[in-house]
Amino acid sequence: MAAQPVLDERSLIKVQAPPASLEREPLVGSQHGPGWLSDRIAGVIEGETPGWWKISFAISVTMMTVCFALILYLMSTGVGIWGLQHPVMWGYAIINFVWWIGIGHAGTLISAILFLLRQRWRTSINRAAEAMTIFAVMCAGIFPLIHIGRIWYGWWLFPVPNSNGIWPQFRSPLMWDVFAVSTYFTVSVLFWYMGLIPDLAVMRDRAKTKIRKFSYGLFALGWTGSNRHWSNYEKAYLILAGLSTPLVLSVHSIVSLDFSVSQLPGWHTTIFPPYFVAGAVYSGFGMVLTLLVPLRRMLKLEEIITVRHVELMCKVTLATGSIVGYAYGMEFFIAWYSGNPYERFLFLQNRAADPFILGPLFHVPPAPYWWAFWTMVTCNVVVPQFFWFKKVRTSMLAVFFLSILVNVGMWFERFVIVITSLHREFLPSNWGYYGPTWVDILQFLGTFGLFFTFFLLFLRYIPLIAIAEVKGVTPQADPHHPLGGAKVGGKH
Amino acid sequence: MPASYAILAEYETPAAVLHAAGKVRDAGYRHWDVFTPFPVHGMDGAMGIRNSKVGWFSFIGGCTGYTTGMLMIWFMNAYDYRIVIGGKPMFSPFAAFPPSYELTILFGAFGALLGMLFLNRLPRLHHPLLKNRRFAMATHDRFFVVIETSDPQYSEIETRQLLESLGSRHIEMVEE
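Chains as they are written, first to last, in numbering that gives the first Met the number 0: chain S, 0 to 491; chain H, 0 to 175.
Treat the hints loosely; a few may be bogus.
As the list claims (entries may be wrong) - Below, in silico cross-link-like pairs of lysine-lysine (DSS-like), each with a Cα-Cα straight-line distance of 25 Å or less: (1) Lys209/S <-> Lys130/H; (2) Lys130/H <-> Lys212/S; (3) Lys22/H <-> Lys207/S.
In case anyone wonders, no lab produced these hints; they're calculated from the structure.
Okay, chain H solo, but in the shape it has when bound (with noise of 0.2 Å):
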């Protein structure tokens, strides 16, 4: 029998998993998640998820872009080679600006996008949970609590026991 690589178990309504996720959260497991369909109100504190850090990436991405672009500006018309137009300087800031502002926006779109696939560690094509049929409802009305066999607090009986008595109706073990 191949190895487990969490118990799983199976909520019918967005209260019914918010409150065991609490509970899940008080007992003190760590290595463990909760997967719905939509993002469920409440539950990042129901879990104890801290804010979420997308918005780092998305501010460095933001900076570099501006950045990039007036210093992209000055480098080809003020430097590299110089062009005279209506007499004016050579760099000013003001004709920079919206080529500057454009490509911060889009670095900084960057940034968020690639910083939450970053965070979240996808593209992830091959996961345990994915092969598992039941867990196919995530995506569609079902909701469920997981808890990795890694968790130091793991044991085969009283987390099967907890997760019952948060009124899971249906619990089964993952491979891994």
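Looking at chain S on its own, in the form it has when it is part of the complex (with noise of 0.2 Å):
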């Protein structure tokens, strides 16, 4: 064993420590040990079935029941059961699929992103944003591939010849599209299984039933937590948030393209991709708020989840909204900036005038769809504004509800991009007015069912919070911090 060397006195550095008004609030609000953090989590699995958790299954079940039922109902009917007619073709179906492609990004955003800008708070929320965004994008892929009618046709959207011998035509932005949404979903699960096998490892090592320790063991692919493993673990980690983070910019671009790359005044706009992506993640942090903090009550996960994470979100929230705000503000300058007459007649006249300011002051009818293009400002323009106030982040009641209106003014944005720039042809004997019927409006709350079925699945049998990721952030982990038990330092 090597020597200790001699410390001189006067080599050794005074350390003061700073001062506690610049001391950063804990990421986990307790002094537990590391143990202590899996004890918790993993209690959420281990556990007795709680009564909210049956009743809400039973609920998302019947729901997700609906929405296949329906879905048969589509196939043996056709898409006459649904309120499109022309000019209006696409109606519910490619609202319904933006939408909730875009509530995926949060997930994307928060264990990509916020990894490689190391936001380390993130890994309280990370697991189950991601899980989120699965299942969220599972929702969203059933809409593309119900929307062609003939669903039994779905398979030429992959790349192989039809019985002609006639391969897709990849200049069309909705095969860009197919491969950017199939990615998509593969590298989330990828990214979230990978993140999950040291946790299936720690529900292994507690298991005491034999069904759980084979079905937790087995997709534990035997981690050890050797630290040799770390490293190679910890390197792929990284690579993935590094891939996974073009990969989300990119795909709510992509599905901009569809609409950008057609010639429609209200599509035909650049700053789609950007505004898109930017909607997306407002979107995504919305429901993960919806979703996380009544369960970190439920669960009693408010010493993980904390207040702080509650604030941080609302300030993602609020940044991106504002942005969604900006680039609402962009789309009507450069309409009234490029002096194009049906730019101008589509932004005012088929989108924002109503009837009782803007409409009689421009001296124009009111829009058709005014009140969809006002629920949408309001929900992403003014409410957003609310989380400037500390006191709003850290109500929970106020954040609850608040991000329940984040999704409804998303959803109304899609409405409003799609429907009101369908409606009124050039022609004014082509404009009509679209309305969905009981069966679009059943099928877009069955997919509901179809989410909280996964989700509340995912809470029952999986950790909902990285546990070995928060144990890492603990400052009890840090070998050097004065709780990681430092009594003789080590030279590192």
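Two independent chains are provided; combine them into the complex using the hints.
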């Protein structure tokens, strides 16, 4: 053993503790050891099934069944059961698709972009947010598949030749979308699963029954927590975060190209890709807040998902919501500045002109969908501004309700983009008015059943907080921190 | 009595195991490892582990993905069954870029995950350590240094003494 070097009194650097005002709040609101975190988080799964879980699961499964029954009805009858008619041929299906896929984006932002930016608070929420991503993309994926009408020809979207030997053509953004969404889903699952491996090992080592030990053990792949493994694991995690970052930015950009590559006023704008990505992150954080604010209380995880986490998420919502608001303003400016009469007509007379202020002011009749437009503006531009106030950000009830409004607003944004741009063609004889049928509405609600069925199963069987990652960000985990227990300092 | 696989020493804090790992490395052991519930900062340096090679797997995956995308679209739309779209060239890298970009990420991600599993020789569903009761705490809140008996430096007495002198309160042998 090497002898300890004799320390010279003068060579010691005097370290003073920072003043209390500069100290950060700890990420985990307790000074418990790492074992406490395992017990707390795994306890959610190991405890008895709570009553609210059973009730919500029954409701979710019922709604999911309704959704699938209506898909059968659609397959057997045709898209005539929807509210689609000329000139609006893209209705609820596309709105719901864009809405759900947008919600997914917060999960990847939290798991990838916040990881690269070293925002360590993300560890408490990334697992649940990634699960939300995966289930939201599943809900989203249903709609493009069923809206093609003849679902049995869905394979035409895949790069295989049809019976005449013709391949799909790749100049269409719809083909790009197939690749973007399927890659997004696959990479999200890979990232999620890799993050789960150490936690499945935690569950395996805690398991009391044989079935649990076997099933968690099978999916933990024999993880031992070896540092040689951790070394490769952390590198792979970093790379996946690095790959997911351009992925998440590209997915909603490509979704927006479905619209902006066309030449329709209201769709044909270059602002769409960044504006869609900001809106997606905004709605995704809204959904994360809607899910986690009640969950942290019901599952007694307030010490791990702290008020500070909720506050930080509110701030991201505020930032992205403000970008969305800026994009709305810019769209109007460009419509006016371009001097294009069709653009001007669309933005004023198809969207914004309400019967009370703007209509009379500009001497135009009210836009048929003015109510949808102003719901969107209220929820997406006004609502996030409440998050400037700490009182609002720290009131869980307020955050919960505002976060629901965020997603109401984002749904209406897609409604406004899809419907108001389509319902009046260039010839007034081709004008129409779109309304959903009961099938449209129930199918949309049914996807909530699908989403919550999977999410509730996730809560029950998989640790909803990344145990190993949260252990790693506590002060106790830092070998150089006083709580890291350094009695004899290592030389590293 | 079954043959011994390794000697296992338990530590209670990240600092203690980090210190111990540095000393075990300095003593010249080769077939040994540290087991922790979370990655301990600085442990790679303390153990003398070099930068992970996962990046290469991901890089090769990404290159394969991009090439696959470009070649696939060229083959489908410009070679095997030509489709004229708006009188534009049969193949243009710009229209082929978005799917190729997505495939770069897709194959790169598979490269990272499968590369990590390959380098770690996982999945491995049977391991002597996983049979050890005490070792189950490695995913909970304990830190272990494990030196295999196959290590050329291993000696039943000296190795145990080293691990004890580094502050381990619990040392036991792990069966094969």
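Hints and how they fare:
no. : hint                  : verdict
1   : Lys209/S <-> Lys130/H : holds (14 Å)
2   : Lys130/H <-> Lys212/S : holds (12 Å)
3   : Lys22/H <-> Lys207/S  : violated (37 Å)
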